[in-house]
Amino acid sequence: MYESDARFSRDRWSDLKNSFRKIPGSICAPRGFKCAAVFCDIKKLGTGKGSEKGQKQDLALIVSDVPAAVAGVFTTNQVCAAPVKISRQRAAKKLARAIVINSGNANACTGRQGLTDARHMTQLAAKALSIKENEALVCSTGRIGVALPMKNIERGIRACAPRIARSTSNARQVAEAIMTTDTCRKEIAVEFKIGRSTIRIGGICKGAGMIQPGMATMLGFITTDAAIEPGALKRALKIAVGQSFNRITVDGDMSTNDSVIALANGLGGNS
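22 is the number of the first residue of the sequence shown in this note's numbering; add one for each residue after it.
Any given hint could be a false lead.
Stated by the list, open to error - PhoX-like mimics (lysine-lysine), calculated; alpha carbons at most 20 Å apart, straight line:
1. Lys77 <-> Lys172
2. Lys207 <-> Lys43
3. Lys114 <-> Lys259
4. Lys115 <-> Lys259
5. Lys172 <-> Lys65
6. Lys153 <-> Lys115
7. Lys77 <-> Lys207
8. Lys65 <-> Lys77
9. Lys114 <-> Lys153
10. Lys106 <-> Lys259
These are computed hints drawn from the structure, not numbers from a lab.
Work the whole structure out from these sequences, hints included.
Rendered as structure tokens:
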């Protein structure tokens, strides 16, 4: 699937792109991926918004049934948030099972306590999902300089884990849970052929108010059932981000929390 020099030939890319077919399911479209989202009052505490009524979920889990190759592209800001530091370290290990995400509080500029809280989020997620702690990544978005409400986080993770399922509805709720100033959710899924195998890719992202080259205040999550080595996945992700998010600007703001994370679990059966 991926060229050895980290570039598709123009003809090969054209052939592959022309074979893409949009499908429902978002991040749950690829085989072996499940997710869920809940409201645990983080948005209300962090932004003054949020209600148990309506779709104001603010904590989400994305989970692979099996260990998946993981790659991430993160903020270039010298001041990066605690979850970025944790996820960058975990992504370097090249395999992961889950991502725990909250919105309404960025856990940025929160010092040592922020790092402790970000790590604790992965511990809570790992326990709830019966996986290893180093298989969980963490992302946060929202208000800067405010400590995470960890009692709410803990309650949210406990409530979220039993709800994980491979469903279009759950994927839609996760796309909404990561929103802050966004006015609509952003999600997509496609499938295409590699040899005899049908491969699926799903994606969600947030970030509309502050985007500039260098990503800025945005989170993106990509799932795929393609079999791809972590190194190749990392190169592909860097190229994709370079040709998309890093080419646009809205108001010139940089963020502490920019993260785009891809998981590839290989269940599509390509070789």
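So, going through the hints one by one against the coordinates:
1. Among the hinted pairs, Lys77 with Lys172 is consistent with the structure: their alpha-carbon atoms are about 18 Å apart, no more than 20 Å.
2. About 14 Å separates the Cα atoms of Lys207 and Lys43, which keeps this hinted pair within 20 Å; it holds.
3. Between Lys114 and Lys259, the direct Cα distance comes to roughly 17 Å. Compliance with the 20 Å bound is thereby established for this hinted pair.
4. Restraint check for Lys115 and Lys259: satisfied, since their Cα atoms lie roughly 15 Å apart, inside the 20 Å limit.
5. At most 20 Å may separate the alpha-carbon atoms for a hinted pair to count; Lys172 and Lys65 meet this at roughly 14 Å.
6. Taken as a hint, the Lys153 and Lys115 pair is honoured in the structure, with Cα atoms around 14 Å apart against an allowance of 20 Å.
7. With a CA separation close to 15 Å, the supplied pair Lys77 and Lys207 stays within the 20 Å bound.
8. For the given pair, Lys65 sits about 9 Å from Lys77 by alpha-carbon distance, which is consistent with the 20 Å threshold.
9. Restraint check: the Cα-Cα separation between Lys114 and Lys153 comes to about 13 Å, which is no more than 20 Å; the hinted pair holds.
10. Using a Cα cut-off of 20 Å, the hinted pair Lys106 and Lys259 holds, with the two alpha carbons roughly 18 Å apart.
Violated hints are absent here; each numbered hint is respected by the structure.
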